[in-house]
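Here the structure of chain A is known, so what remains is to put chain B in place on it, guided by the hints.
Taken in sequence, the protein lines are chains A and B. The numbering of the first sequence is my numbering, which starts it at 1 and goes up by one. The numbering of the second sequence is my numbering, which starts it at 189 and goes up by one.
A portion of the hints provided could be inaccurate.
Pairs of lysine to any residue, SDA-like flavour, derived with a Cα cap of 25 Å [stated by the list, open to error]:
id, chain 1, residue 1, chain 2, residue 2
1, A, K51, A, D101
2, A, K132, A, T184
3, A, K30, B, Q276
4, A, K106, A, G156
5, A, K74, A, A59
6, B, K254, A, A16
7, B, K194, B, L239
8, A, K63, A, G52
9, B, K254, A, C15
10, B, K254, A, I5
11, A, K30, B, V269
12, A, K26, B, L274
13, B, K254, A, V10
14, A, K170, A, G92
15, B, K249, A, E173
16, B, K254, A, E3
17, A, K63, B, K194
18, B, K249, A, A59
19, A, K30, B, K254
20, A, K63, A, Y90
21, B, K249, A, I5
22, B, K249, A, T184
23, A, K26, B, Q276
24, A, K74, A, Y90
25, A, K26, B, K194
26, A, K26, B, M328
27, A, K26, B, K249
28, A, K62, A, T184
29, A, K62, A, A28
30, B, K249, B, A231
31, A, K26, B, V269
32, B, K194, B, M328
33, A, K30, B, M328
34, A, K30, B, G287
35, B, K249, A, T174
36, A, K30, B, L239
37, A, K30, B, K194
38, B, K249, A, K63
39, B, K254, A, M7
Since the hints were made in silico from the structure, they are not lab data.
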Amino acid sequence: MREIINMIVVLSLICAASGTLLVNLKQATKARIEQQVLLNVQGPTLMAVLKGCDNDPIADRKKVGDVTLFPARKDGKLSGVALEAFAAGYSGDIGVIVGFDVNEDKLIGIGVTTQTETPGVGTRIMQQGFLKQFRGHSLDGLDLSSRGGDIDSVSGATYSSTGAVDAVRKALETYRRIKPQIATLWAS
Amino acid sequence: MPSVIKEFTKGLWDELPPFRVVLGLCPTLAVTSTAENGLGMGAAVLFVLTLSNAIISALRKIIPGKVRIACFIVIAASLVVAVELLMQAYTYSLYQRLGIFVPLIVVNCIILGRAEAFASRNGVIPSIADGLGMGLGFTMSLTFLGALRETLGNGTVFGIPVPWEAFRPAHLMVMAPGAFICLGLILAGMNAFNRHMSRRKGEIPTEPKNAACASCAACNLCATARKEN
Numbered sequence: 001m002r003e004i005i006n007m008i009v010v011l012s013l014i015c016a017a018s019g020t021l022l023v024n025l026k027q028a029t030k031a032r033i034e035q036q037v038l039l040n041v042q043g044p045t046l047m048a049v050l051k052g053c054d055n056d057p058i059a060d061r062k063k064v065g066d067v068t069l070f071p072a073r074k075d076g077k078l079s080g081v082a083l084e085a086f087a088a089g090y091s092g093d094i095g096v097i098v099g100f101d102v103n104e105d106k107l108i109g110i111g112v113t114t115q116t117e118t119p120g121v122g123t124r125i126m127q128q129g130f131l132k133q134f135r136g137h138s139l140d141g142l143d144l145s146s147r148g149g150d151i152d153s154v155s156g157a158t159y160s161s162t163g164a165v166d167a168v169r170k171a172l173e174t175y176r177r178i179k180p181q182i183a184t185l186w187a188s
Numbered sequence: 189m190p191s192v193i194k195e196f197t198k199g200l201w202d203e204l205p206p207f208r209v210v211l212g213l214c215p216t217l218a219v220t221s222t223a224e225n226g227l228g229m230g231a232a233v234l235f236v237l238t239l240s241n242a243i244i245s246a247l248r249k250i251i252p253g254k255v256r257i258a259c260f261i262v263i264a265a266s267l268v269v270a271v272e273l274l275m276q277a278y279t280y281s282l283y284q285r286l287g288i289f290v291p292l293i294v295v296n297c298i299i300l301g302r303a304e305a306f307a308s309r310n311g312v313i314p315s316i317a318d319g320l321g322m323g324l325g326f327t328m329s330l331t332f333l334g335a336l337r338e339t340l341g342n343g344t345v346f347g348i349p350v351p352w353e354a355f356r357p358a359h360l361m362v363m364a365p366g367a368f369i370c371l372g373l374i375l376a377g378m379n380a381f382n383r384h385m386s387r388r389k390g391e392i393p394t395e396p397k398n399a400a401c402a403s404c405a406a407c408n409l410c411a412t413a414r415k416e417n
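Excised from the complex, chain A in its bound form (with noise of 0.2 Å):
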């Protein structure tokens, strides 16, 4: 009886021991490992997206509700934010950054972030064939073309073009939604 319960008490006690360690550690590197997938995941594409800025997209970065913005500023002046948005592919979620333009009220342009899609077939919507056809897009019509609106999809990967295209009308949305309170966001 005494050896088992001898057991239970170290086991336990080096089990609350570790726990309690990595407990402070995760809260001790949770602000720098974000900045870091920020940094590295959706970073290169976000910069991209919004080049040309004289800011630091990432720094700046807002939270409104549960969608991050990163604000793009020309000349001291907010010209554009940009947001991700997910929606699923054909092999998981893609991931989209899509930047707005504040003034002009109309799309900078879109840059895939996270994808899981089949090489050589899916992955072609990472490329610039597909994804001009974002770039100073307006806010309305945009669709597949197949659904009315003027995307032309990448042939033979139809679910990959259709994933991304949901996923830009879903940050489209958001940016609708959040559309009054940005201008207030960043003003300083």
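Showing chain B alone in chain A's frame:
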């Protein structure tokens, strides 16, 4: 003091984890496509191994024998999660490249093997020396294998092109079969070298004396078999 130095140096050649004892092959084969990956993986193992050896040997008197493996795993797993968090926070690109193999350090034979065979039977200082030596040997081995594969398969070392004009890299070497080919060549080379050395000393060349038996406490089959002979 001499024994501490002995515990430290044995991991560098006589019981070199991946090449002499042939332990911890999963990361050895999987992540060594470049020298940098090998070095990063080795450093993570070095950190976990040294600390787990230190903690386990400090706690060895209060850990009950029947639950010792569970305790060792909890300690190793906590250290691995700590390494994973630190890697994410400070070297994110390395973390992305090593991927699943960082959490898999928990089940690396070397960690549990050293805990069971050494740290649970020796004092804190020799255990730290043992962990440092083994970890350093592992790091060097992985960096060497990574550098070899990167040179042959990609024509670079640590990302710097090899100054070797006529050399055409064979892409095979950075893929999985290349890992086996290089490992086999290294093992053969080390065996040939050891035989040569023992012949020069006038000993009869035999199988590697240390083989895995010194570090493998899990089974007593070899020892019993040897006694019976």
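A quick look at each hint next to the structure:
1. A:K51 / A:D101: With a Cα-Cα distance of about 12 Å, the restraint between A:K51 and A:D101 holds, given a limit of 25 Å.
2. A:K132 / A:T184: violated, 30 Å
3. A:K30 / B:Q276: holds, 10 Å
4. A:K106 / A:G156: violated, 29 Å
5. A:K74 / A:A59: holds, 16 Å
6. B:K254 / A:A16: Distance ~19 Å between B:K254 and A:A16 Cα, so the pair holds.
7. B:K194 / B:L239: Measuring from Cα to Cα gives roughly 19 Å; hence the hint holds.
8. A:K63 / A:G52: Holds - the C-alpha atoms of A:G52 and A:K63 are around 23 Å apart, at most 25 Å.
9. B:K254 / A:C15: This hinted pair holds, its Cα atoms lying about 16 Å apart.
10. B:K254 / A:I5: Roughly 12 Å separates the two Cα atoms, so the pair holds.
11. A:K30 / B:V269: holds, 14 Å
12. A:K26 / B:L274: holds, 9 Å
13. B:K254 / A:V10: holds, 11 Å
14. A:K170 / A:G92: holds, 16 Å
15. B:K249 / A:E173: Distance of about 63 Å is beyond 25 Å: violated.
16. B:K254 / A:E3: holds, 9 Å
17. A:K63 / B:K194: Outside the cut-off at roughly 57 Å; violated.
18. B:K249 / A:A59: violated, 50 Å
19. A:K30 / B:K254: violated, 37 Å
20. A:K63 / A:Y90: With a Cα-Cα distance of about 30 Å, the restraint between A:K63 and A:Y90 is violated, given a limit of 25 Å.
21. B:K249 / A:I5: holds, 16 Å
22. B:K249 / A:T184: Distance of about 63 Å is beyond 25 Å: violated.
23. A:K26 / B:Q276: Since the Cα atoms of A:K26 and B:Q276 sit roughly 11 Å apart, the hinted pair holds (cutoff 25 Å).
24. A:K74 / A:Y90: Given pair A:K74, A:Y90 is violated - Cα atoms ~37 Å apart, limit 25 Å.
25. A:K26 / B:K194: This hinted pair is violated, its Cα atoms lying about 38 Å apart.
26. A:K26 / B:M328: violated, 30 Å
27. A:K26 / B:K249: Status violated; Cα separation ~30 Å.
28. A:K62 / A:T184: Between A:K62 and A:T184 the Cα gap is close to 12 Å, so the pair holds against 25 Å.
29. A:K62 / A:A28: Satisfied, since the Cα-Cα distance of roughly 21 Å is no more than 25 Å.
30. B:K249 / B:A231: Status violated; Cα separation ~29 Å.
31. A:K26 / B:V269: At roughly 9 Å apart (the allowed maximum being 25 Å), B:V269 and A:K26 satisfy the hint.
32. B:K194 / B:M328: holds, 18 Å
33. A:K30 / B:M328: Violated, because 32 Å separates the two Cα atoms, which is more than 25 Å.
34. A:K30 / B:G287: Status holds; Cα separation ~19 Å.
35. B:K249 / A:T174: This hinted pair is violated, its Cα atoms lying about 60 Å apart.
36. A:K30 / B:L239: holds, 23 Å
37. A:K30 / B:K194: violated, 41 Å
38. B:K249 / A:K63: violated, 51 Å
39. B:K254 / A:M7: holds, 8 Å
In this structure, the earlier hints numbered 2, 4, 15, 17, 18, 19, 20, 22, 24, 25, 26, 27, 30, 33, 35, 37, 38 are contradicted, and the remaining ones agree with it.
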